[in-house]
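Trainee: Below are the chains, spelled out letter by letter.
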Amino acid sequence: MNDVLYDVACAMDADDRPISFLARSSGVYQSNDAGDTWHKVSEGHATAVEVSPSFARDQTVFAGLAGGICRSTDHGASWQTVSLGSPAPIVSCMAISPSFENDATVLAGTMEDGVFASRDGGHSWASSNTGLFTSNIVSIAISPDFRQDHLMVLNTEACLFRSANSGKSWQEIESFDVDSEVATVALSDDIAQDGFVLAVTNNGRGYQSRNTGRSWLEVTGLPTELEVVDGAILGKSSDQYTIVLFAAYSIMICTIRGGVVTTTVEAASTSVRVSSASMTRNLEGNQFVLLGLDDGTTRKCTLAVTDETKSWARPGMETSL
Amino acid sequence: MGHLAPGNDDRASGIERREFRRQVIARMESRTATTVVHRPHVFGGMQAGIHKLAGVLRPTLGPQARVTASASINPNGVPELLESGGIIARRMFQLPDAEQNIGAMLLRDMLTRVYDLGGDGVATASVVFESVFDEGIREITAGVDPTRLRSFLRQGLVTILEELDRQRLDIQEGQRLRQVARTVCAELDLADEIGELFALLGAHGNVEVRKGQNDMLQSTLIDGAYWDGTVHHPLMLIDQVGRRADVELCTVFVSDLDIVEPADMVRVLEVARQLPVSGLMLIARQISPSATSVLMANSTASFRIYGVRVAGESVAHQTSALIDLAIVTGARLFRSAAGDTVISLHASDFGHARRAWITRTQFGLIAPAGNGQVVRQHVGSLRQRCIAASDEEQKAVGRRIARLTSSSAIIWVDGANIDAIDRRKELAERTVKAVRGALSQGALPGAGAALLACRVPLTRLLTSSRDPDQQAACRVLLRSLESPARVLAANSGIEAAVVLDRAERAGRGFALNVVTGVVEDVCQAGILDSFGSMCIAVQSAVSAAAQALTIDTLVMRGSMTATQRKRSENA
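Going line by line, the protein sequences match chains A and B.
For the first sequence, counting from 1, position 52 maps to 238 in my numbering; every step adds exactly one.
For the second sequence, counting from 1, position 445 maps to 446 in my numbering; every step adds exactly one.
If you want the ones that stay clear, here's a sample from chain A, every Cβ over 12 Å from chain B, calculated: (1) Met198; (2) Gly213; (3) Gly230; (4) Thr267; (5) Ile377; (6) Glu411; (7) Thr449; (8) Ser461.
Simulated pairs of lysine to aspartate or glutamate, EDC-like, Cα-Cα distance not exceeding 20 Å: (9) Lys354/A x Glu174/B; (10) Lys212/B x Glu84/B; (11) Lys354/A x Glu197/B; (12) Lys354/A x Asp193/B; (13) Lys212/B x Asp193/B; (14) Lys212/B x Glu430/B; (15) Lys426/B x Asp117/B; (16) Lys396/B x Glu314/B; (17) Lys422/A x Asp380/A.
None of these hints come from the bench; they were simulated from the model.
In this text, a Cβ means the ideal position worked out from N, Cα and C, and glycines have one as well.
Using the sequences and the hints, build the whole thing.
Mentor: Structure below.
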């Protein structure tokens, strides 16, 4: 039976070295050498994985299983599993609060059972579906300013939902009405000031909001027919945003100003289709990127800041298994 | 007058029968005797009746809840202890004096409508009505034409409503909702609980109030959707703990069919068995005893089957519920009116839900598997319907949206005894109505401040008007707009004139905070009223009072009172 690779996650450890995790149908795998080698750290059919934003201090990792969530608080050495009830939900995505050290908030999206939330660092979980009319969760985006604004955006198979109360209830973003599925939703690091939210569909159409998701405008100039898997906002300079799009066979870096794409750079490419991506920033400000591919392998690269205007280099793709 | 019954002797009984008939007719005529009162005597009795009822309701305006004891209909019954202005008004059936009764019943009828529509604002409506009526009488006595006065009062009402709309505050966050709840409900724990629930559920949220089983206030969010309904046979739940069944991986058959033939039930079960599920919820209008037997015989521990019917006030409500069920589960709706039968049933016609639960009176679905886009479109169309719908339809459609978007909650109210629990339940329901209204329509500065602010445009209208009747209407309304603030001050033992003067000097949005005893910015102090309730109260009160001022003649059943007889003799 194929060992399917569902998800990847990475973070910087206390020594500013990338540590990575994979969620595979055979279990959870870990790499301590920037993805060069991997070893299994947990059994079970893992379908999602997420690393604490404060991993360097709390060494916490979560993995979604078929029917539960497992958690490690010791750098992956040991794992505890918590059941999500019956019938067993299949976890499709996870998101950890940027202020996890303070609020211990973690969310898990599932394929058929909606959202589960933990407010105690993963010890206990409860469904959190008030306001939802669909149970198929694609991804969850949490505001970088979550400690103040308690803002989350939920990407479902039907539409986007917004929560301003830490996921306790959700309101449909009625103004976001597109025909395609949304591949990624990303919130600006400076969201308290600019309210900037980016959503990109899986066929490469982009939309931006300047009021934390209440209303949207289409972003013009993105590469046409780009099959997008994931994305993120790399940075902001004046009123210009730099975004990264993890497409099926490439990594694209675009700059957006006033809703128009001004530059597009292909940072890396691969011959095998990308199925998942994760990114973490080191102390130098460079982004370590880990890609999961359809053939079950991984690729890594570093997106490096080249100059003061934060343009990004094209470093090529390194290979790892 | 003696009572003579016919005797047995023919000739004597004929005389007696005629006398008996004469006495009965005289008695009937005295009861159906009609008393007519014309102007200028129309208003005296009416005003007294209005004052009586308004006087009973005035303490309920606040600041603290006052209790009214209402005698039971049963002479030996325990008096009811009431705090709600709407309920108190409903208990006022009839005053002994016919003229007073007309006035009181006019006021009562208006207040009942305010209570039914808004839940809150009865006391405000009462004091405004009383004031408009009293001031209106004064103007009519001075020579103002009542019909023109009514017309100008209604014009002035438009100005008031426009000014209230300008002051409207949009509230969504929990703290503001709790403040609105606290204005209606003096019991802070209950008010805060309701405010928090609506902060989570939103404007279309459905909060059901139930009597608690223990002495704690509790609330719970309902995961998924639920409907009122019953099982087709009580034996379906007899072996379930607490008469509640829970089913995982449930398939759902949605219909309004009458399943009469056992063969039809067999057909449904055979197709359902093809699916990888653990249970079947069969929704049908009727299931015959023989078909029920087939159902019960095939229900096993590994494949539970429950037959339920959807409840509803009308066929239209039931049909709406079935449509929602079909969409949210992804099922095909089988309708008898469309000639659907189970003969054409396929496995793809079933809907699905991750979990289902059934009790004797309700059933629910958790994580139903309907197509998200289809559900989204359906919810969107219901939201559009809400915009232009009547109040009743808004409530019905709002409940549907709440079910479809998993936005329902139950709050159990507690109390020391049954009467206390009943009172708390009524208070909770009234608070739920007011908070929902505030969430969907907004809030206003409370403590009478919003009405006081309406004096500015009315004063402009007064000074710009050249018509004496219009000026009179403005004067009536200006005085009436102060009445809630006056009553609040009086109830607090503070001189009303002083309060009004300070509020006017302080400016817009300022009124007496009865808790602190200080005139301050009421919004800052968290004193808010529901916009919808206030508009209903003011509109109803002014309209009804304006109409009452045009009454020219009273026609009353029964003999004249001594006062009426004397008046007619002197006329």
